[in-house]
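Two independent chains are provided; combine them into the complex using the hints.
Just so you know, the sequences run in chain order Z and V. At the far end of the first sequence sits residue 358, using the working numbering, and the numbering has no gaps. At the far end of the second sequence sits residue 448, using the working numbering, and the numbering has no gaps.
Since the hints were made in silico from the structure, they are not lab data. Even glycine gets a Cβ: it sits at the ideal position worked out from N, Cα and C. Hints are supplied without guarantee of correctness; some may be wrong.
Taking lysine to aspartate or glutamate pairs in the EDC-like style, the calculated list, with each CA pair at most 20 Å apart, reads [as the list claims (entries may be wrong)]:
no.	chain 1	residue 1	chain 2	residue 2
1	Z	Lys61	V	Asp79
2	V	Lys131	Z	Asp96
3	Z	Lys160	V	Asp182
4	V	Lys157	V	Asp179
5	V	Lys284	Z	Glu164
6	V	Lys397	Z	Asp207
7	V	Lys131	Z	Glu121
8	V	Lys397	Z	Glu164
9	Z	Lys206	V	Asp306
10	V	Lys159	Z	Glu94
11	V	Lys153	Z	Glu94
12	V	Lys397	Z	Glu94
13	V	Lys153	Z	Asp187
14	V	Lys157	V	Asp182
15	V	Lys153	Z	Asp116
16	V	Lys131	Z	Glu339
17	Z	Lys160	Z	Asp224
18	Z	Lys358	V	Glu219
19	V	Lys397	Z	Asp96
20	V	Lys153	Z	Glu190
21	V	Lys159	Z	Asp207
22	V	Lys284	Z	Asp224
23	V	Lys157	Z	Glu190
24	V	Lys178	Z	Glu190
Across the chosen pairs, the derived CB separations fall in these ranges [unchecked claim]:
no.	chain 1	residue 1	chain 2	residue 2	range
25	Z	Gly179	V	Trp299	43 to 51 Å
26	Z	Gln244	V	Val303	26 to 34 Å
27	Z	Gln244	V	Phe365	27 to 35 Å
28	V	Ile431	Z	Asp15	55 to 63 Å
29	V	Trp299	Z	Asp207	20 to 28 Å
30	Z	Asn31	V	Leu269	54 to 62 Å
31	Z	Glu193	V	Gly213	22 to 30 Å
32	V	Ile74	Z	Lys44	15 to 23 Å
33	Z	Pro105	V	Lys157	35 to 43 Å
34	V	Leu67	Z	Glu43	43 to 51 Å
Read off the chains here:
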Amino acid sequence: MKFTKLTALALSTAICAPMAFAADMADEMTIVSWGGAYSNSQQKAYHEPYMEKTGVSIINDESSAEAVAKLRAMNEAGNVTWDVVDVVAADAMRLCDEGLAMEIDPDTMLAPAPDGTSAADDFGDLLVSECFIPQIVYSTTFGYRTDLVGDTPPTSVCDVFDLEAYPGKRALEKRPINNMEWALLCDGVPKAEVYDVLETAEGQERALAKLDTIKDSVVWWSAGADTPQLLADGEVVMGSTYNGRLFSVIEEQDQPVAMLWDAQVFDLDGWIIPAGLSEERKARALDYIYFATDTQRLADQAKYISYGPARQSSAPLVGKHEELGIDMAPHMPTDPENAKNTFLYNYEFWADYRDDIDAKFQAWLAK
Amino acid sequence: MSDTTDTGPVLAADGTPLKRSLARALRMQKLRALMLIAPLLLFVLLTFILPIVDMLFRSVENQIVSDTLPKTVAELQEWDANSGELPSEAVFAALAADMKIAVEEKTHTRLGSRLNYEKTGLSSLFRKSGRKVKRWDLAEDAPFKEKFIDIDKDWGDIEVWRTLQTYSPKLTNGYFLNSVDMQKGVDGPEARPENQQIYMTLFGRTLFMSLVITTSCILLGYPVAWILANLPSRTANLLMILVLLPFWTSLLVRTSAWKVMLQQQGVINDVLVWLGLVGDDARLVMINNQFGTIVAMTHILLPFMILPMYSVMQTIAPTYLRAAKSLGATNWTAFWRVYFPQSVPGIGAGSILVFILAIGYYITPEIVGGTKGVFISNRIAYHISSSLNWGLAAALGTILLAVVLILYWAYDKIVGIDNVKLR
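This is chain V alone, in the form it adopts within the complex (with noise of 0.2 Å):
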């Protein structure tokens, strides 16, 4: 042994170091590898990594305020909002010559939109000063501070331009602030007055709701999956069908067959009247409330569950059951200690698909969900398509991508992802 360590590196056959000429040909190797796998790399990275990497980076961009009124911003930098001044004139100066640009190039009005999710009245406050700067003269019709006033007294307001100065710059925070029912106050981030704050209410609620949505489909999966596994296959295919068939039903379909199902004047109400079991004035309220989401999306969701079960359960030989019972276990004993840690692996699966998947649901909490059971996404769907407050949107959403990242990795180090059988 004490010979080779004197003998310095073992060589290959053409004399190069074995270590260096073993490195080469892996990495040979990792690069056909590569190459093999480069153009599904690519396409996933083109259509659908740099897509959501520049919608999530939206939550923090804010360049169009210094764009649309860059000699403005410069001059405001000056300006201290705690003195109690208004802006000197060269500001306002500024501004007519920004203005006159943008009203040209009609960018005005959206930078108003854009400003009104900070301050309500902005929207309108530059919808109406760009058709009145657009008829002055920048050179003749100096001082502009008092023209400004004139055309709206909110130009005179300090938290007008306090709001344009807090975000003039290229990158905020606001809109972070913002999804976690916080906002930029005068000495840093305040929390929001308590009758606009909502998102941590949804993200707690999203949460909570996932995890009984998860719990519930474990418990009324479990036992199917059971069945399934322990049934002669042409059986076992029959019930599959089963499962499986809702599963390839549309999730339209689905919901609104639950409206149908537990609306007051619904299938379920009209047979426990009927059976006197409630009265015809006390019809239960099954739907539009958390009840109703938590049903119609465990039904959902429930293939999601069953089938790793079922597909982890098939490999569990049913000689260890009978082992268990032939030393004296009870059928109790043999399924909880025998079974069921071998199913383990199922169950994880599961939880982790059906968690993710009802984190993020949309349609089913919008349409079943009234007002207690809705969830973050659909607060998301709103700022995306109804209030176009897409930095917003990508705030929220990034948080909730972190939650989900933060859980699996939770999950990782607690059950462990090595213990998870997908197939």
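Chain Z on its own, in the form it takes in the complex (with noise of 0.2 Å):
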């Protein structure tokens, strides 16, 4: 009798053991990011070690890119298949103002600095939304070829105006944000005052003037790795893009390329988890992101691509390139020698702006 009974407890232990696993986190999840280098730095810095200690199952889905259409159409079907999701701090705000990313504390959801200091004050002002937990910082930044521009290479943004000193086509994105800033601190306007002067109809017909000067030197472009392929065809002398892509051509495929960090854009990607997710779901979400975003593992990511580490405690850190073995903080976009002249996004001008600008600057570009 006592032997059975012991049998049938050891059996429904065994039996209930991963039931009860299952019941308060899934063991398996979908995790939304934007492909190529850049997911693949997250896969060994943060999937590996994760799945490796906690034995789940992680999906990659490439949708970044379309993912606030894509979480919309997920959330008016009643059906969102992911768990969490990489987006620019600027999604992440529409995703929030849309209630369709899930409201997260930064104190009690998210690790505190190894020194104690709570995750709010290491993450300090780059928490910008009440949905968003910031990852790395980037920038979007200038780069030029060096055996295109003579024995004088650019070293400021204005040079990108200045058809004269360095003929030749740019590679700008199709879009208003950050070329409006760049034109009109280019046109005179001191860096403390562009949106303020950007806010008026004049200042953004102004921006346009500016930008028409060189309007048929530019090939405009709309995927981040546009630009360092028309680098490296020699299609166009200089052109923005993000600065990983552009380290990627620099430093790893060797290309006759150079950074010209002056008035780089800081932006901010990082991680949300949807709205309506089921409790077991989103306790697997949360359990991942604290553990995904916590100093270590955000200084280990720098090691596989140029982008800066979104908490201060991570970049005493940063090490040196996995691969390549280079030093990795010179490539930083947040490094003081690049750093010296930036140019900070304002996520709320352009939430209000970006659907009146965006249709004067597409109306502008198919005149």
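Below, the structure is given as structure tokens:
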């Protein structure tokens, strides 16, 4: 009798154990990101250690570029299949506004820094939305062909607007964001006043008029990989793109390209958790986020890609590139040498003015 | 003959009038046929027609305003926007009550993004106000007029209230006005400022370029189809593979290949410079403009033109040409008067296929079109995935669909759809 009871107990625990595990946390999750070298860095720095630690299986989905639209469609269909989504800060704000992302309390849901600083303080100003967990600081900046610019390489962002000194095509993103700011800066507007000027119809006209001076020499890009390709082909002399893309052109592919860090525009990329997940999936997503955004993990990602970790406490831990063995710190957009003149992207402004200015920008482009 | 008309209706064997009996038999037959296709019909209806109708309905749907701010919308009906005065305290009190609920359900920011399409700044106005209203007590904190204006002076702006009032009905024509470069003005629809007009240009360009692409497909495809149809079948099959091979290759690969070919440091320019036909500093610009889009799309859509032409030309007996020539026609007359009219159904079928496909093309113009070679579908895609203005995207899509249907109807009137042979 005793024996059978014991067996039954053992059996029931054996059966119940995985069920208990499943009841409070899902054992499979779908993580959405941008693909390419960026997803690769996350795979190495976050996914693999997390899978090893917990035995969860992670499915990668490379849909971040259309994450907002897809999440909205999923939400309307009542079937959200994503657990954690990597988006830029502006998209996180929109998802939060639309009620499509869950609100996060950094102090209870995120890991404190090793020295005990709370997560809220460690991330600081970078927590731009209630739903957003910052991961990296990246910048949109210019790269140029060292062999096509003559003896005096460009040093200022305004050289982009100087067709006489640097003839040839330039690559700019096919949207008003960043381009309008650079145009105003180079039209003599002080950095602190750029958004005040851009608020007015005259300011917008002024920015477009400045862009008009180089319009015929611009190749407009819409995917981050375009500019590196155009630079490598010699199609353009200089072009804007994300700094990590330029890093891989320069260091990994060894092309005659150099960085022009002047007036680089800082932006953030990070995680959101979709609203409306079931309890166990939510628990799993939060557990993953807690793990993947701690100080060490964020510093680890910088081994694979040249984006700055969003935590202050991670910066000293940034080491060498995993394969190339070069020091990563000088390639970070946040490195003091690179960040002499930076520009901070104004999320609130663009959330309001995006539709209006975009309509004007597109009308201008079509002219 | 007069006998039958006198004896009344003809009766069937069982005594019922023959006409009715026949109708019943036919009805049974039709019903059976309908039952047979019912699964497919239901499938198409549920998974294709309904979603499209639902999406198109968004072009006029505007429930979000009255759903989120029901009391405010009701109170605001009394207000005269042209009076030059702000709405009364009652409206502000209703807004406070509505916002209180909206903040709890987190729908106020959603409404803010919706109204931001119409008036810049409303997105942050609602976000900001939501944070403050959350802490208000409806009973004690009245009156609210000053309080709202304290949060943001925009609440004291008549234009904000006018926007709210204009967009309070459950249905709106605002999206459609926007898609033809108009907007809701103080007294009825008016044209948008010139620096914001873009959609009519894009519609026009889409139609014009689709027409050019269709024409170049006809010019390039006709001789190929003719050769294919007139060669011995073994050789023809071999050549057919050459036509089909690009057809089977991924669209993206073909588009990217054109990029490599056409760009300034690309294959064609390199060859021209090497031959000395153009200078190294005067390389031709053949991509990121209309030319690039036309070349790439003509290449991509060419098989859709050749295949129907080929199938029609195969059925034209060579004896007709020989007969014409034996009667003294020149080569040209024989072709133009005898062969060509018989091949017209093929051209018709190919043209309609290519044109309708071209009009909705998206990815190729996006990659090789630059700024002057993009289509209306690129803007639709932008509003679906980037700006999230699905209402406007739906309105643009509805117009595009209507244009295609009208063209199809006109085509039917002029050429006749019976003259089209798809196989």
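Structure-based check of each hint:
The straight-line distance between the Cα atoms of Lys61(Z) and Asp79(V) is roughly 17 Å, inside the 20 Å bound, and the hint therefore holds. With a C-alpha separation of about 17 Å, the suggested pair Lys131(V) and Asp96(Z) falls inside the 20 Å cut-off, and the hint holds. Taken as a hint, the Lys160(Z) and Asp182(V) pair is broken in the structure, with Cα atoms around 45 Å apart against an allowance of 20 Å. Between the alpha carbons of Lys157(V) and Asp179(V) the distance comes to roughly 15 Å, so the proposed pair stays at or under 20 Å and holds.
For the hint linking Lys284(V) to Glu164(Z), the alpha-carbon distance of about 18 Å falls within 20 Å, and the restraint holds. Simply put, Lys397(V) and Asp207(Z) have alpha-carbon atoms about 12 Å apart, close enough for the 20 Å limit, and the pair holds. For the suggested pair Lys131(V) and Glu121(Z), the alpha carbons sit about 12 Å apart, so the restraint of at most 20 Å is met. A C-alpha spacing of about 15 Å is found between Lys397(V) and Glu164(Z), which places the hinted pair at or below 20 Å, so the restraint holds.
For the proposed pair Lys206(Z) and Asp306(V), the alpha carbon gap of about 19 Å is at most 20 Å, so the pair holds. Taking the CA atoms of Lys159(V) and Glu94(Z), the gap is about 16 Å. The hint holds against a cut of 20 Å. Of the supplied pair hints, the one linking Lys153(V) and Glu94(Z) holds, its CA atoms being roughly 16 Å apart against a limit of 20 Å. About 42 Å separates the Cα atoms of Lys397(V) and Glu94(Z), which puts this hinted pair outside 20 Å; it is violated.
The suggested pairing of Lys153(V) with Asp187(Z) holds, with an alpha-carbon distance near 19 Å, which does not exceed 20 Å. Taking the CA atoms of Lys157(V) and Asp182(V), the gap is near 19 Å; set against the 20 Å cutoff, the hint holds. Proximity of Lys153(V) to Asp116(Z) is assessed by CA-CA distance (about 18 Å); at most 20 Å being required, the pair is judged to hold. For the hint linking Lys131(V) to Glu339(Z), the alpha-carbon distance of about 18 Å falls within 20 Å, and the restraint holds.
Proposed proximity of Lys160(Z) and Asp224(Z) is supported: the alpha carbons are some 12 Å apart, at most 20 Å. Taking the CA atoms of Lys358(Z) and Glu219(V), the gap is near 11 Å; set against the 20 Å cutoff, the hint holds. Straight-line distance between C-alpha atoms of Lys397(V) and Asp96(Z) comes to about 47 Å, which puts the hinted pair past the 20 Å bound. For the given pair, Lys153(V) sits about 18 Å from Glu190(Z) by alpha-carbon distance, which is consistent with the 20 Å threshold.
Between Lys159(V) and Asp207(Z), the direct Cα distance comes to roughly 51 Å. Violation of the 20 Å bound is thereby established for this hinted pair. For a cut-off of 20 Å, the pair hint linking Lys284(V) to Asp224(Z) stands: about 11 Å separates their Cα positions. Restraint check for Lys157(V) and Glu190(Z): not satisfied, since their Cα atoms lie roughly 24 Å apart, outside the 20 Å limit. Restraint check for Lys178(V) and Glu190(Z): the C-alpha separation of about 16 Å stays at or below 20 Å, so the hint holds.
Checking the proposed 43 to 51 Å range against Gly179(Z) and Trp299(V) shows it holds: the Cβ atoms sit about 45 Å from each other. Remark: the range hint 26 to 34 Å for Gln244(Z) to Val303(V) is upheld by a beta-carbon distance near 29 Å. Range check, Gln244(Z) to Phe365(V): Cβ separation about 55 Å, and the 27 to 35 Å hint is violated. Distance hint check for Ile431(V) and Asp15(Z): the Cβ-Cβ separation is about 59 Å, which falls inside the suggested range of 55 to 63 Å.
Checked against the given bound of 20 to 28 Å, the beta carbons of Trp299(V) and Asp207(Z), roughly 26 Å apart, stay inside it. In this structure the hint that Asn31(Z) and Leu269(V) lie 54 to 62 Å apart at CB is violated, the actual value being about 37 Å. Range check, Glu193(Z) to Gly213(V): about 28 Å between beta-carbon atoms, so the 22 to 30 Å window is met. In this structure the hint that Ile74(V) and Lys44(Z) lie 15 to 23 Å apart at CB is violated, the actual value being about 49 Å.
About 38 Å separates the C-beta atoms of Pro105(Z) and Lys157(V), a value consistent with the hinted range of 35 to 43 Å. Taken as a hint, the range 43 to 51 Å holds for the pair Leu67(V) and Glu43(Z), whose Cβ atoms sit roughly 49 Å apart.
Of the numbered hints stated above, those contradicted by the structure are hints 3, 12, 19, 21, 23, 27, 30 and 32, listed in ascending order.
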